[in-house]
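**Student:** Modelling step: build the complete structure from the supplied sequences, incorporating the hints.
The listed protein sequences correspond, in order, to chains A and B.
For the first sequence, my numbering gives the first residue as 65, with consecutive numbering after it.
For the second sequence, my numbering gives the first residue as 5, with consecutive numbering after it.
Derived from the structure by calculation, the hints contain no laboratory data.
Incorrect hints may appear among the rest.
Heads up, simulated DSSO-like pairs for lysine-lysine below, C-alpha to C-alpha not over 27 Å straight-line [claimed, not checked]: (1) A:546 x A:468; (2) A:228 x B:170; (3) A:338 x A:468; (4) A:420 x A:104; (5) B:170 x A:104; (6) A:420 x A:220; (7) A:420 x B:170; (8) A:420 x A:228; (9) A:338 x A:546; (10) A:106 x A:420; (11) A:546 x A:420; (12) A:468 x B:170; (13) B:170 x A:546.
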Amino acid sequence: MPVNFMPTPQELFRFAPEMLLTLVATIIMVLEPLSGADGKRKFAVISFLSLAAAIALSVAAAGDPGAAFSSMIVVDGFSTFFRILVMVAGVLTILISTNYLRMEEHESGEYYALVLFSIVGQCIMVSANELIMLFIGLECSSIASYVLAGFLRDDKRNNESALKYFLLGSFATAFLLYGVAWIYGTTGYTNLSEIRRVLLDPNSNQNMVVISAATALMFVGFAFKVSAAPFQMWAPDVYQGAPAPVTAFMSVGPKAAAFAMFLRVLMTAFEPVKDRWEPLLWTSALATMVIGNFAALRQTNIKRLLAYSSIAHAGYIMVALTAHSDIGTAAAMFYLASYTFMNIGAFAVVTYIARKGERHVEIQDLAGLSQRRPVVAAMLTIFLLSLTGIPLTAGFFGKFYIFKAALDANMVWLAVLGMLNSAVAAYYYLRLIVVMYMQAPSDEMEELPAPSVGIQAAMFAAAAATVFLGVFPSVVLDYAGKSASFIR
Amino acid sequence: MLETVFFYAFAALTLAGAILTVTMRSAVHCAIALISSLAGVAGLYLLQHAEFLFAVQIVLYIGGVMVLFLFVIMLVNLDAAARERQFHRHWLAALACLAGTGALVALFLTRGAESFKLGAPAAEAAPGAGNIETLSMLLFREYLVPFELASLLLLVAIVGGVMMAKKRI
Chain A
65 MPVNFMPTPQ ELFRFAPEML LTLVATIIMV LEPLSGADGK RKFAVISFLS
115 LAAAIALSVA AAGDPGAAFS SMIVVDGFST FFRILVMVAG VLTILISTNY
165 LRMEEHESGE YYALVLFSIV GQCIMVSANE LIMLFIGLEC SSIASYVLAG
215 FLRDDKRNNE SALKYFLLGS FATAFLLYGV AWIYGTTGYT NLSEIRRVLL
265 DPNSNQNMVV ISAATALMFV GFAFKVSAAP FQMWAPDVYQ GAPAPVTAFM
315 SVGPKAAAFA MFLRVLMTAF EPVKDRWEPL LWTSALATMV IGNFAALRQT
365 NIKRLLAYSS IAHAGYIMVA LTAHSDIGTA AAMFYLASYT FMNIGAFAVV
415 TYIARKGERH VEIQDLAGLS QRRPVVAAML TIFLLSLTGI PLTAGFFGKF
465 YIFKAALDAN MVWLAVLGML NSAVAAYYYL RLIVVMYMQA PSDEMEELPA
515 PSVGIQAAMF AAAAATVFLG VFPSVVLDYA GKSASFIR
Chain B
5 MLETVFFYAF AALTLAGAIL TVTMRSAVHC AIALISSLAG VAGLYLLQHA
55 EFLFAVQIVL YIGGVMVLFL FVIMLVNLDA AARERQFHRH WLAALACLAG
105 TGALVALFLT RGAESFKLGA PAAEAAPGAG NIETLSMLLF REYLVPFELA
155 SLLLLVAIVG GVMMAKKRI
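**Tutor:** Okay, here's the thing in structure tokens:
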């Protein structure tokens, strides 16, 4: 079979965002030793600009959709959506990181380079049409996240977080890789479309036991990366221990990318064997929602609470995956977009409240925030209301479309249990709001300095996006609905 | 027939090495047991006519990675760790897990036993061309992009390793 050796300009253009970000990240590392201790701020600016340029390139590449490099990657509406989403998450992360790093006296170019490398990995994950590419992208993103989780090396919590994340993460990836090997062994392909073709072929006489076992092995890897039950145990410890801006990043970027590849693998490659994985997903979705929500009720640490809440949200998205329909895919895409904004926004506030050494991350540290910093309190209220799923915020429509997809797929019980779960979630989100507005600040609380420009920008942008998606959901939803059919 | 004998010999070597790797107390012994396990895998590759993987397994894993392991073990003081009381005190739980997993695997094997066959190889070897040539054609044409991206992955890992190991950069 003749395969063109040289990439065409068209192919390079489709892969341009990843190439740009890799190049910039490498340049940052070269420039890093040449810059003085005070000159680190420019790396944040460079990363910010390169991400903006990469977003523009992704939009431009979307005008010419198609596969590239022997169908290794595919640029379609779906991958463009997630590419832009992870890059926006990266931009917001950089905004909340700069001041934090300066405060912790750890500002360095490597941080930004690693964030960019992680985003490159995520972009590869969401556009990969091949299990090998998917694996490499996942590892790029994960290894960069492991290091970011332990970025403040002198901090014990950071070290614990990074070590746990690394050990468990490598173990989960091994499962994924083992599943890929089984799939290759039984179908002879690693390309997602080819696997689908083989599975649909009535003459291929595939062994369902091997296929199901391979799917189950891959499910272990995916479920770990999206922190779905029963592989969610790492998330609270890692999220609590990592630096707050990194937690913000980890809880949205890698998660959105992992869900994107989860969706693509399930809907493209394994759609023909959906009877096999549907019960698995059903159970996992329900367990994830229940464990996340009920464990969050008892937390006193805000970062840990948000970690459990992020597990619960993974459960809601799993409900949309279980529906395995175009509506379900679109609902998951919309939910991930709104989740990105509300979660990064909430973590931006946590980063601000935590201050040096992250000494103020208990719920009681929020007491009287409405009197001390009314604007910040109002912003956090918007994010928490959206996480709860109150109308006029993005979270409401996110949940609405997910449960609608579940009902359309005749999964009435899953939808009902999911809605009951979100009622439980209201308790712990609203408790934070009560502490902020109803409790007076205690006297020994230190002065809370005004938030930095970066945190302010991230907070306002995230709040604006949350409200915008809550009032005009159709803008994103229409696009998601159109691109959902691409991965079939 | 002879192949079957060799297969079982190599498989036994692999498994025995793997078990010894996790049960030996001294880190150096563990590393040597791991070498024998990797050598067993290399033998299995050879039986499958994957000469390239066989060579890579010997040169990279046994030659390169394991020597690095031994260097690290030499440099890091592990005597204290060897004297520590070890963690595995949950014999009952471990046995229960093992029995459960074993039952699942047995069920899985008995129910799917009649249909264990693998798909046709993706790429037929060209007549006269060896396994290595086919592999290089695939690796440097169709799979060139993943091949190059693997170098990016290694770069990230190196940066990460340096970041984690150095006190101050």
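**Student:** Do the alpha carbons of residue 420 (chain A) and residue 170 (chain B) lie within 27 Å of each other, as the hint requires?
**Tutor:** 23 Å, holds
**Student:** Next pair to validate is residue 420 (chain A) with residue 228 (chain A); report whether the Cα-Cα distance is within 27 Å.
**Tutor:** 24 Å, holds
**Student:** Regarding the pair residue 170 (chain B) and residue 546 (chain A), is the alpha-carbon distance no greater than 27 Å?
**Tutor:** This hinted pair is violated, its Cα atoms lying about 48 Å apart.
**Student:** Is the hinted pair residue 338 (chain A) and residue 468 (chain A) satisfied, with a Cα-Cα distance of at most 27 Å?
**Tutor:** Holds - the C-alpha atoms of residue 468 (chain A) and residue 338 (chain A) are around 20 Å apart, at most 27 Å.
**Student:** For residue 228 (chain A) and residue 170 (chain B), compute the direct alpha-carbon distance and say whether it is at most 27 Å.
**Tutor:** 19 Å, holds
**Student:** Hint check: residue 106 (chain A) vs residue 420 (chain A), CA-CA at most 27 Å. Holds or violated?
**Tutor:** 22 Å, holds
**Student:** Run the distance test for residue 338 (chain A) versus residue 546 (chain A): straight-line Cα separation, threshold 27 Å.
**Tutor:** 22 Å, holds
**Student:** Hey, residue 170 (chain B) versus residue 104 (chain A), does the alpha-carbon distance stay inside 27 Å?
**Tutor:** The given pair, whose Cα atoms are some 19 Å apart, holds under the 27 Å limit.
**Student:** Do the alpha carbons of residue 468 (chain A) and residue 170 (chain B) lie within 27 Å of each other, as the hint requires?
**Tutor:** Violated - the C-alpha atoms of residue 170 (chain B) and residue 468 (chain A) are around 52 Å apart, more than 27 Å.
**Student:** So if I understand the rule, the pair passes when the alpha-carbon distance is 27 Å or less; does residue 546 (chain A) with residue 420 (chain A) pass?
**Tutor:** 45 Å, violated
**Student:** Compare the distance between the alpha carbons of residue 420 (chain A) and residue 104 (chain A) with 27 Å, and conclude whether the hinted pair is satisfied.
**Tutor:** Holds, at about 19 Å.
**Student:** Quick one, are residue 420 (chain A) and residue 220 (chain A) close enough, alpha carbons at most 27 Å?
**Tutor:** 15 Å, holds
Hints 11, 12, 13, counting from the list given before, are not met by this structure.
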